[in-house]
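No gaps in the numbering here: position 70 of the sequence shown is 70 in the working numbering, and each next residue is one more.
It is possible that some hints are incorrect.
[Unchecked claim] What follows is a set of in silico ranges between Cβ atoms, one per label pair, in the way DEER data are often shown:
| no. | residue 1 | residue 2 | range |
| --- | --- | --- | --- |
| 1 | Leu-219 | Asp-86 | 38 to 44 Å |
| 2 | Leu-191 | Met-143 | 45 to 51 Å |
| 3 | Gln-77 | Thr-114 | 40 to 46 Å |
| 4 | Cys-105 | Thr-139 | 27 to 33 Å |
| 5 | Gln-171 | Ala-70 | 37 to 43 Å |
I should point out that these hints are in silico values taken from the structure, not numbers from a laboratory.
Quick caveat: nothing in here was measured; it's all calculated off a predicted structure.
Heads up, the beta-carbon is just placed ideally off N, CA and C, and yes, glycines get one too.
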Amino acid sequence: MTGKETSALVDKGALPKIVATNEKGVTMTLPNVEGQPSKSERGKALRQVIAAFVANIGTINTGLIFGFSAVVIPQLQAADTLIPVDESQSSWVASLSAIGTPIGCLISGYMMDTIGRKKALLLTEIPLIIGWIVIACATNVDMIYAGRVLTGFGSGMVGAPARVYTSEVTQPHLRGMLCALASTGISLGVLLQYTLGAFTSWKTLSAISASVPVVAFVLMLFMP
């Protein structure tokens with residue numbers, strides 16, 4: 001490589017540089033062909049990771065909803081329960097969230113195209129917050145029914161916007177890993193519900209679950 005050729009490479013701008021010394025003791029500055037990320041590039045990646053995590057907080061609620069029936073039904077069927085239920089009512093408590101989910105899925109696509117991904121994500125948290133509060137304040141089984149439908153509706157709404165938003169704000173080398181956060185969030189939600197349910201009442205658990213969409217809503221306000 002001639003000195004002229006070396007100079008041409010070095011002058012090509014934005015590539016990170018490395019310094020090398022050949023066998024004759026001549027020191028040369030060359031571009032780093034491995035493309036080590038610069039400080040600004042690492043900062044961009046961190047911002048993308050944070051945005052993806054915030055967008056997928058709502059998917060934790062899907063797991064919370066899945067796991068809730070396994071916690072609430074045994075407590076409702078206990079002898080000292082405040083709201084006694086029979087087998088038929090227990091099955092409705094377990095399954096009613098599934099009624100709202102497909103409706104939420106259908107609406108979420110229209111919402112994304114109409115108001116954008118971020119606003120769609122913000123709106124998905126509202127039925128989740130209301131649904132969990134209704135369950136936490138329930139004085140009869142009908143209120144639990146209503147809360148389960150609302151949380152199922154919100155759960156159906158959150159999945160698509162979270163994935164699309166993540167894919168649009170992340171670079172290709174991060175996209176695959178960060179798009180998997182939705183599935184991770186669901187699994188985490190189930191785990192949290194089972195763990196907390198072993199130590200708390202279903203009313204307390206509902207109140208704790210309501211805090212998740214509240215946190216997601218507030219943090220999403222600061223995202224791009």
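Hints and how they fare:
no.: 1; hint: Leu-219 <-> Asp-86: 38 to 44 Å; in the structure: holds, 41 Å
no.: 2; hint: Leu-191 <-> Met-143: 45 to 51 Å; in the structure: violated, 27 Å
no.: 3; hint: Gln-77 <-> Thr-114: 40 to 46 Å; in the structure: holds, 43 Å
no.: 4; hint: Cys-105 <-> Thr-139: 27 to 33 Å; in the structure: holds, 31 Å
no.: 5; hint: Gln-171 <-> Ala-70: 37 to 43 Å; in the structure: holds, 39 Å
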